[in-house]
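One line per chain: the protein sequences are A and B, in this order.
Under my numbering, think of the first position of the first sequence as 401, with each following residue one higher.
Under my numbering, think of the first position of the second sequence as 17, with each following residue one higher.
These are calculated hints, taken from the structure and not from any lab test.
There could be a bad hint or two in this list.
Straight-line Cα separation of at most 20 Å, EDC-like style, residue types lysine to aspartate or glutamate; simulated pairs [to be verified]:
no.	chain 1	residue 1	chain 2	residue 2
1	A	Lys-505	B	Glu-69
2	A	Lys-477	A	Asp-402
3	A	Lys-460	B	Glu-122
4	B	Lys-57	A	Glu-415
5	B	Lys-52	A	Glu-415
6	A	Lys-508	B	Asp-54
7	A	Lys-508	A	Glu-415
8	A	Lys-460	A	Asp-484
9	B	Lys-83	B	Glu-69
10	B	Lys-35	B	Asp-101
11	A	Lys-505	A	Asp-402
12	B	Lys-57	A	Glu-408
13	B	Lys-60	A	Asp-402
14	A	Lys-452	A	Glu-476
15	A	Lys-505	B	Asp-54
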Amino acid sequence: GDSVTQMEGPVTLSEEAFLTINCTYTATGYPSLFWYVQYPGEGLQLLLKATKADDKGSNKGFEATYRKETTSFHLEKGSVQVSDSAVYFCARTYGGSQGNLIFGKGTKLSVKP
Amino acid sequence: DTAVSQTPKYLVTQMGNDKSIKCEQNLGHDTMYWYKQDSKKFLKIMFSYNNKELIINETVPNRFSPKSPDKAHLNLHINSLELGDSAVYFCASSQDLYGGGSSSYEQYFGPGTRLTVT
Numbered sequence: 401g402d403s404v405t406q407m408e409g410p411v412t413l414s415e416e417a418f419l420t421i422n423c424t425y426t427a428t429g430y431p432s433l434f435w436y437v438q439y440p441g442e443g444l445q446l447l448l449k450a451t452k453a454d455d456k457g458s459n460k461g462f463e464a465t466y467r468k469e470t471t472s473f474h475l476e477k478g479s480v481q482v483s484d485s486a487v488y489f490c491a492r493t494y495g496g497s498q499g500n501l502i503f504g505k506g507t508k509l510s511v512k513p
Numbered sequence: 017d018t019a020v021s022q023t024p025k026y027l028v029t030q031m032g033n034d035k036s037i038k039c040e041q042n043l044g045h046d047t048m049y050w051y052k053q054d055s056k057k058f059l060k061i062m063f064s065y066n067n068k069e070l071i072i073n074e075t076v077p078n079r080f081s082p083k084s085p086d087k088a089h090l091n092l093h094i095n096s097l098e099l100g101d102s103a104v105y106f107c108a109s110s111q112d113l114y115g116g117g118s119s120s121y122e123q124y125f126g127p128g129t130r131l132t133v134t
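In isolation and in its complexed conformation, chain B is listed as follows (with noise of 0.2 Å):
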C-alpha cells in the first residue's frame, strides 16, 4: 500500500496553461505539505496543511493554490504555468505539525511529480 501518492508522475505542458497535481495519503495524518525541488535538487517549502487549514503559506506566486478536499488530499493548482515553474514537485504528510510523539512529526514524502514547461 502506497502511503503517499501523487498523480501524474510527469507533467509536460506548455506557458499560460492552467495544470493540478493531486497528492493522497492514507495514513490518517493531520497535516499534509507541499514542497517545490529544482533542477539543483534544493527543496523548499510551498504549503502546509492542518486539518483542512492552510498554516503555511510561504512566498510562492498566487498562481499556485493548494486544495483539501478532505483530511486526505491536499492537490495543487498552477494557474498561467510559467517555464521558471519546472520542477519536481513532492506532497508528503505528518501526524501532525506541533509534535506530540517520538516520530509524530516525521514527514513522508510522496513519489514526486515532474512538470516540464515548454
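Isolated chain A (complex conformation) (with noise of 0.2 Å):
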C-alpha cells in the first residue's frame, strides 16, 4: 500500500551546519508531496510543499524536490539554527484525493548552539 518511509531520528546538529532529511514515497498513483513541521509543545505546521514532479518546494530557507525517479522528496536546509529544532514530517496523498495524507514516522532535529 502507499506509504511514506523518512530516517530515524534524532539528527542533531550544531548551529549553521547542512540538513539532509531523507523521504521516499512508494510509487503508485501521483502523490503531491509534503513536509510538516511540529515544535515542542505544538501542532503540525505545513513547512513546504510540491504536487508534480521536479517541483522544487522551499520555504524558510528548507527545500525539497519531488524526485519521481528515486521516489524521494528530501529535505534540505544550507545553514540550520537553534530555532529549528523540531520534528518534521514527510507525507503524501493517497486514495485519489489531495486531502488524504500519510505520514512518515517524523524526524526530531536539535541544533546545538
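Using the supplied hints, reconstruct the complex from the two chains, each of which is provided in its own coordinate frame.
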C-alpha cells in the first residue's frame, strides 16, 4: 500500500550546519508531497509542498524537490538555527484525493548553539 | 485568532470512563480530521469529515466516534477508555478533500490534546 519512509532520528547538528532529512514514498498514483514541522508542544504546520515531479518546494530556507525517478522528497537546509529544532514529518496524499495524507514516522532535529 | 482550536489541552482520566475532545475551526473549511500521535510521534489518521459526512473511517475501535454538529466542529467521543488510548490527539482541517486550488488541501492542525488514561 501507500507509505512514506523517512530517516530515523534523532538528528543532532551544530548551528549553521547543513541539514538533510531523507524521505521516500511508494510510487503509486501521482501523489502530492509535503513536509510538516512540529515545534515542541504544538501542532503540525505545513513547511513546504510539491504537487508534481521536478517541483521544488521551499520555505524558511528549507527546500525539497519531488524526484519521481528516485521516489524521494528529501528535505534540505543550508544552515540550520537553534530555532529549527523540531520534529519533521514527510507526507504524501493517497486515495485519489488531495486531502488524505499518510505521514512518515517523523524525524526529530536538535540544533545545538 | 486561533484557526483550529481544541479543548481540553490535557485530559487525565481513568480506565473505563467516557470522554470527549472538542475541535473547532474558524477557517470556513469543508473537511476536518482527527489524528492520533503515539509516544514515538507516529501520526495516524483516525477520521475525516467532509460536509458533515464521514468519509474516512480508518481501522479504529468503535469506542471512538466522531460527531460533527456543524461544518466548523468535529468532536471526538471515546467510550470505555483503555490504557492504550493514551496519546496526543490532533484535530485538523482543510478547505476541501478533492483539491481545486494550489493550497486547498493544506491541512491546518490544532495544538493537540494530551490524553492520559490511568
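For the pair we were handed, Lys-477 of chain A and Asp-402 of chain A, check the Cα-Cα distance against 20 Å. violated (27 Å)
Assess, step by step, whether the Cα of Lys-83 of chain B is no farther than 20 Å from the Cα of Glu-69 of chain B, and give holds or violated. holds (10 Å)
Against the 20 Å threshold, does the CA-CA distance of Lys-505 of chain A and Asp-402 of chain A hold or violate the hint? holds (14 Å)
Restraint check for Lys-508 of chain A with Glu-415 of chain A, where alpha carbons must lie at most 20 Å apart: holds (15 Å)
Does Lys-57 of chain B pair with Glu-415 of chain A here, judged by a C-alpha cut-off of 20 Å? violated (24 Å)
Check whether the Cα positions of Lys-460 of chain A and Glu-122 of chain B lie no farther apart than 20 Å. holds (17 Å)
Checking one constraint from the list: CA of Lys-52 of chain B to CA of Glu-415 of chain A, max 20 Å. Satisfied? violated (32 Å)
Is Lys-460 of chain A within 20 Å of Asp-484 of chain A, Cα to Cα? Status holds; Cα separation ~10 Å.
Take the C-alpha atoms of Lys-57 of chain B and Glu-408 of chain A, compute the straight-line distance between them, and say whether it is at most 20 Å. Given that 20 Å is the threshold and the Cα spacing comes to 12 Å, the pair holds.
Pair hint outcome, Lys-505 of chain A versus Asp-54 of chain B [Cα-Cα no greater than 20 Å]: holds (10 Å)
Sort out whether Glu-476 of chain A lies within 20 Å of Lys-452 of chain A, counting only the CA atoms. Holds - the C-alpha atoms of Glu-476 of chain A and Lys-452 of chain A are around 18 Å apart, at most 20 Å.
Straight-line alpha-carbon gap Lys-505 of chain A to Glu-69 of chain B, limit 20 Å: Violated, at roughly 28 Å.
Hint compliance for this structure: hints 1, 2, 4 and 5 are broken, all remaining hints hold.
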